[in-house]
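**Student:** Residue strings, one per chain:
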Amino acid sequence: MIATVSPPTRPAVGGALYVPDDRARERELVLSAQRGSHDAFAELVRAHQRRAYAVARAIVLDHHDAEDAVQEGFLHAYRALARFRPGEPFGAWLHRIVANAALDLQRRRKVRVAGVLSETLAMPFHDPAESDELRRRLKAALERLTERQRSVIVLHDVEGFRHAEIGEMLGIPEGTARSDLHHARATLRRLLIDTRSDT
Amino acid sequence: MIDGHHIEPQDPRITAALRAFVAPPGDAAYWSALEATMLARLAEDEDWTAPFARWTSAGLIAAALAALITGAALVRTHDVEAREMATLLETPISFPARVAAEVTEPGGREATLRYVIEP
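Chains as they are written, first to last, in the numbering used here: chain A, 1 to 199; chain B, 1001 to 1119.
Note that these hints are calculated values from the structure, not bench results.
A virtual CB, placed ideally from N, CA and C, is assigned to each residue, including glycine.
Don't take every hint at face value.
Which residues of chain B face chain A? A few of them, derived with a C-beta cut under 10 Å, are [stated by the list, open to error]:
#: 1; residue: P1025
#: 2; residue: W1031
#: 3; residue: H1078
All chains, full assembly: derive it from the sequences and hints.
**Tutor:** In structure tokens form, the structure reads like this:
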């Protein structure tokens, strides 16, 4: 049975929506959620869902897959909440769970679709001002990277995660994350500059 | 091998293109809807797992009770056995000769002896 949950439009626990940097508030929310408060968990969802989406999107690249991974990630986090130590940063813990959910999803997808980037890449939220041609070239260039290189360059250059954080999320050594970033940047630069010079 | 000092520098144009490529939806209604979907899934998940959680609790209580009853029974049995043993030790043995005779199997031994010494 699907419970009826109306879309929350205001913070459920106390005053204004907390920002993830507010560690004291975060700890308070985590403790409440661990005691069974759905409102507290809802506020954690609200505060972290965009960043969680960004992590998932960097790994799966497809919008709908990213959405699925975020939902799976939050579900896993909710089930595992009792094991979370409130003193730790909730965001880092959540990102690892979401990244794992995204990696699982990617592995399942790979069985069905042999490593080709989905045509739905970001299309539902296409910026009209953006050049379709650039998108096409970028998509083609991204297809030349390994999945891990794509994830690393998006997580680092777009989302601003550090190498150590990326390593933890993707389950790879920090040095591998650095190496992947180097190769991803070099490949994209070579392919996109070549393309620009061709036209 | 890449070390921290020799990573290909970031190209701002490529980063900008990537950012646009993976941009999350900016519409607040989208996030409210996603949040609502997630919370509904959590509620659904709880509904589904709640009976198991109750069964788990009931099972744990039953197991604890069973362990207590078994423990008490074992203690009681041990007491009874100890009392029986004490009673047995205090009772004088009245048939030592018979026991000794049975243990030595006299028939077999005598037959062997006769076989050896007879001419």
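**Student:** Each hint: holds or not?
**Tutor:** The hints, checked one at a time:
Given the 10 Å rule on beta carbons, the hint for P1025/B holds: about 5 Å separates it from the nearest Cβ of chain A. Interface hint at W1031/B: satisfied, since its Cβ lies 6 Å from the closest Cβ of chain A, which is below the 10 Å cut-off. Against a cut-off of 10 Å between C-beta atoms, the interface hint on H1078/B is violated, since the closest Cβ of chain A lies about 40 Å away.
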